[in-house]
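Protein chains in written order, with our numbering: chain A, 1 to 140; chain B, 1 to 140; chain C, 1 to 401; chain D, 1 to 401.
Source of the hints: derived by calculation from the structure; they are not laboratory data.
No experiment lies behind these values; they were computed from the predicted model shown.
Misleading hints may appear alongside valid ones.
A few chain B positions that, by computed beta-carbon distances, are all more than 10 Å from chain C [as the list claims (entries may be wrong)]:
hint, residue
1, G3
2, V11
3, S39
4, I54
5, E86
Simulated restraints, written as ranges between beta carbons of each label pair [to be verified]:
hint, chain 1, residue 1, chain 2, residue 2, range
6, D, R76, C, Q286, 43 to 51 Å
7, B, E111, D, F141, 57 to 65 Å
8, C, D139, D, E63, 37 to 45 Å
9, A, N100, D, F141, 50 to 58 Å
10, B, E89, D, K3, 51 to 59 Å
Even glycine gets a Cβ: it sits at the ideal position worked out from N, Cα and C.
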Amino acid sequence: MSGLDNLYREVIMEHYKNPRNKGLIEDSKYKLFRIKNPSCGDDITIQTYAEDGIIKDCRQMGHGCSISMASASILTEIMVGKKVEEAKEIAETYLNMIANKEFNKDIDLEEATVFSGVKDFPARIKCASIAWVAFKDTLE
Amino acid sequence: MSGLDNLYREVIMEHYKNPRNKGLIEDSKYKLFRIKNPSCGDDITIQTYAEDGIIKDCRQMGHGCSISMASASILTEIMVGKKVEEAKEIAETYLNMIANKEFNKDIDLEEATVFSGVKDFPARIKCASIAWVAFKDTLE
Amino acid sequence: MIKNIWSKDFPQIKGNNIYLDTAATSLKPKSVIEAINHYYGDLSSNIHRGMYEAAVESTQLYEETREVVAKFINARDDEVIYTRGTTSSLNLVAFSYGLDNLKVGDEIIVSELEHHSSLLPWQKIAEKTGAVLKFVALDKFGRITVDAFKKIISKKTKVVALTYVSNVMGYITPMKEIIEVAHKYNSVVVVDAAQAVQHLAIDVVDLDCDFLAFSGHKMLGPTGIGILYGKANLLNDMEPFEYGGDMNEDVGKETSTWKRGPQKFEAGTMPIASVLGLKESIKYIQKIGFKKIHDYITNLHRYTIEQFKIIDGLTLYNPLSDTGIISFNLENVPSHDAITYFAEKQIAIRAGQHCAKLICDWLGIYSCLRASIYIYNTKKEIDIFISVIKESIEYFNKLGF
Amino acid sequence: MIKNIWSKDFPQIKGNNIYLDTAATSLKPKSVIEAINHYYGDLSSNIHRGMYEAAVESTQLYEETREVVAKFINARDDEVIYTRGTTSSLNLVAFSYGLDNLKVGDEIIVSELEHHSSLLPWQKIAEKTGAVLKFVALDKFGRITVDAFKKIISKKTKVVALTYVSNVMGYITPMKEIIEVAHKYNSVVVVDAAQAVQHLAIDVVDLDCDFLAFSGHKMLGPTGIGILYGKANLLNDMEPFEYGGDMNEDVGKETSTWKRGPQKFEAGTMPIASVLGLKESIKYIQKIGFKKIHDYITNLHRYTIEQFKIIDGLTLYNPLSDTGIISFNLENVPSHDAITYFAEKQIAIRAGQHCAKLICDWLGIYSCLRASIYIYNTKKEIDIFISVIKESIEYFNKLGF
Ligand SMILES: Cc1ncc(COP(=O)(O)O)c(C=O)c1O
Ligand SMILES: Cc1ncc(COP(=O)(O)O)c(C=O)c1O
């Protein structure tokens, strides 16, 4: 069952159990986007505060499976301090990687590379993408 | 092609070309029932005037294929003078015969027996029954 | 895998796969697949309007199926409507009967056990008409009871829409008694039988329901075909739900008239191949008989539950399930994490809200795992299932869940 | 029977049967039947919510089909909705878009060429909203022309619902030009492509239509599946047509929210097997290519018509047909008498009003015979067909018709 072990990496479990940047902030300078996946019950909200083209803060809130929760947590850590354009590119690359599509290997996904195992579990791609799709929407 | 010849008996063609009792009568003692078969364009109206349990007159009107027209014409000839109960029984028997169901062989269908060939053409059963079904409805 | 006398008829069962997802869709016996192949491979003809041999045979099989369905539920032929599935059947009732017969202040009784397909059409009709949705209170096990039903019904109740068997809890609703009460209040009762029709003999005359809906694909039949039963007098007064070819009697530029009976509701080309397949699925079920089906599933279900009860780290939500439906969670493991383990072990069960969010809310959970047992499952399969559950608990424990 | 390079792929063609009824429903190539068999025999699993292998494969094939359909008509994936068939697609547009966007005095343009499925939904919507149906005048051959269309369109026109190819006359409507005009008046255009999609390449971007509907079963695909294309911005603003499982985003006791895109309109279990079959039918058509299809049918059609013209005792209604559709009558022989002769000779053609009564009224006939040619028909078959027509005329003459 090496596939499963490859999915449930230690880093993922660590973020699942100790989620970063959890909890929303009531402040209109934050842009918020919420996505629900009614078939599995996942429900994730991402909040982003960007200024002068730089992401100053990123928050997350919700519930769901370990993959969706950990991917939200890791997302928020990676994105803070990035340029908006750079952040979009990273998100795009990440989403391609987990969907087993072609992706730009020159983009550094940092800790999010731990989700590379998702591509072998087509039914879990949605779990790993939901936070990142919501994040992209906060930048629109 | 003996089946076809058995369907298109001379008597049927004779009635098709010289329909009996054709044309409706404006008189409230006549009961009227109209049936349309939208898929083939058949449209038949039957009018019956019964008194004291006896059918005094029976009229028909409409357009359609030779089988439906002839069966309407023959119907009107047979039914005049019959007791209502008897007429119902004849109609029932006729409808069973053409539909290839069991039917009471003791009932005299008179000239309507020429439609016995219809049972070999399932798609034409409707053509041969439409006038007779309308007739039954005029007796309700 | 050791097969039972039925599973050999199901070509989908092969290798080490264990199928415990019948509540989502059932497997199909060979006879159903052959009927579909006969239509596509030999006939492939439209119905009702052709006179050549293939058209005549297709039409005959199509209408014979209606008789078979009618006998199956003890209805009349002219009370059986073909639809796309349970969901379409229930929408037809809501948007034809419901929209025209409900008004501000009327009440519609539903329950938190409803599948979304039995809830949402009525939620919309309530919004459109000003009628009010009322939820019958569930007992502590999550069941609909006659007592609770008597408490909620009132003179304002015009429609009762309830599930006969819950697709999450597996309970059989005491439908006959509920219908008796509902009729005293002149309310019309719509039965969602999607999970009932494969488990228990349904007699619509005895039950006296006004409408009843089910799907072919959950009862060993094809996808894309469902049934709506409706009492003839109700159907006669109802407006069509869809308009088009074959359902009309006369068409004019400004106005048109409709056929009577089920044909009024069957607009355009119907799913002919699926209709023909449905006939065989019903015949297959009838050949076995509901007593055998019920006994077999009850035994296997009891056997499974006994073992569930002694597994540590597992929450079972419906120990009293009346059918083969078992809902549970591994403790502290989100169902979508758990399900991946079972999938890797080639065990087909399902995770999520099962299109029944309100019962998840009622249970206080976001989602759960569901296994569902049918006649082609075996004791051996259950043994493997149980041991995989145990393994999985250990696996996720070790990961730190 | 001598086959052509395509007919060998169609197992329904055997013995002396001649199939000239494609306009009612087409035959199916082996690859379509195999795809359906693969689903029923190997997968038999519900989609979207399963994680085991068969469920994952079913879901993938289901969504791949959407991409294939989208490419086929040059649409985006999120503009392709699965339905039960053309009839359902057109009802969806009428009862979702039409009902919410039309009001008293608005105008809906249709034609007497419409199939009942493209006419009756709008007739009902007119009745419900107080909008008015307007009929574009047909030219002397029974065709819709841009000129006539320009005469009838007005600022009141809100919806134009027209057939792309008439199922009785076989004419191709100049749809692109009509849509251009309609858009100048801010009218939405709904195209009934049920008889077009198997005959000509459709590019919804180039055409710029707002909605477009077709059925699988008339384009070498399965029964029970149809497509509705709709522009994304229109679909986004529309209410669902049916409510139930899988089309909702969040469900509460009182209110719920819907998914975006095509999923909003796909309630409950869809006709999965038929969806999977549809993919293969499109691939089959694409492999041949529309140029070849068009040339082959045009040749065979011309060949047929040349002979029709020199037969005494036959009335041809559409010598200018743009497709393989030929409508005619034997003089003085009601079509239902004539058809029986052809059926006896194993020739599959159709008699009746073809769900298009208004064009029969326009032609001044109660009904007619229709033969329709497709790629699997051959010159040899046409020769037999022609000689049977001649025989039949003699036969009915002798009977005294
Ligand atoms: C032009 C046209 N429109 C609509 C339809 C309806 O299609 P379906 O019966 O597949 O819903 C048909 C076929 O009967 C047709 O020929
Ligand atoms: C209880 C119940 N009702 C309704 C449905 C809807 O059936 P379908 O998806 O076949 O329309 C289902 C199945 O999903 C069900 O389990």
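Tested hints:
1. G3: holds, 12 Å
2. V11: Label holds. Min Cβ-Cβ 23 Å, cutoff 10 Å.
3. S39: Given that some Cβ of chain C is not farther than 10 Å from that of S39 (chain B), nearest at about 5 Å, it is violated.
4. I54: holds, 31 Å
5. E86: The claim holds: E86 (chain B) sits with its nearest Cβ about 28 Å from chain C, beyond 10 Å.
6. D:R76 with C:Q286: 43 to 51 Å: The hinted range 43 to 51 Å holds for R76 (chain D) and Q286 (chain C), with Cβ atoms some 46 Å apart.
7. B:E111 with D:F141: 57 to 65 Å: Violated, at about 45 Å.
8. C:D139 with D:E63: 37 to 45 Å: The hinted range 37 to 45 Å holds for D139 (chain C) and E63 (chain D), with Cβ atoms some 41 Å apart.
9. A:N100 with D:F141: 50 to 58 Å: Check passed, 55 Å falls within 50 to 58 Å.
10. B:E89 with D:K3: 51 to 59 Å: For K3 (chain D) against E89 (chain B), whose Cβ atoms are near 54 Å apart, the range 51 to 59 Å holds.
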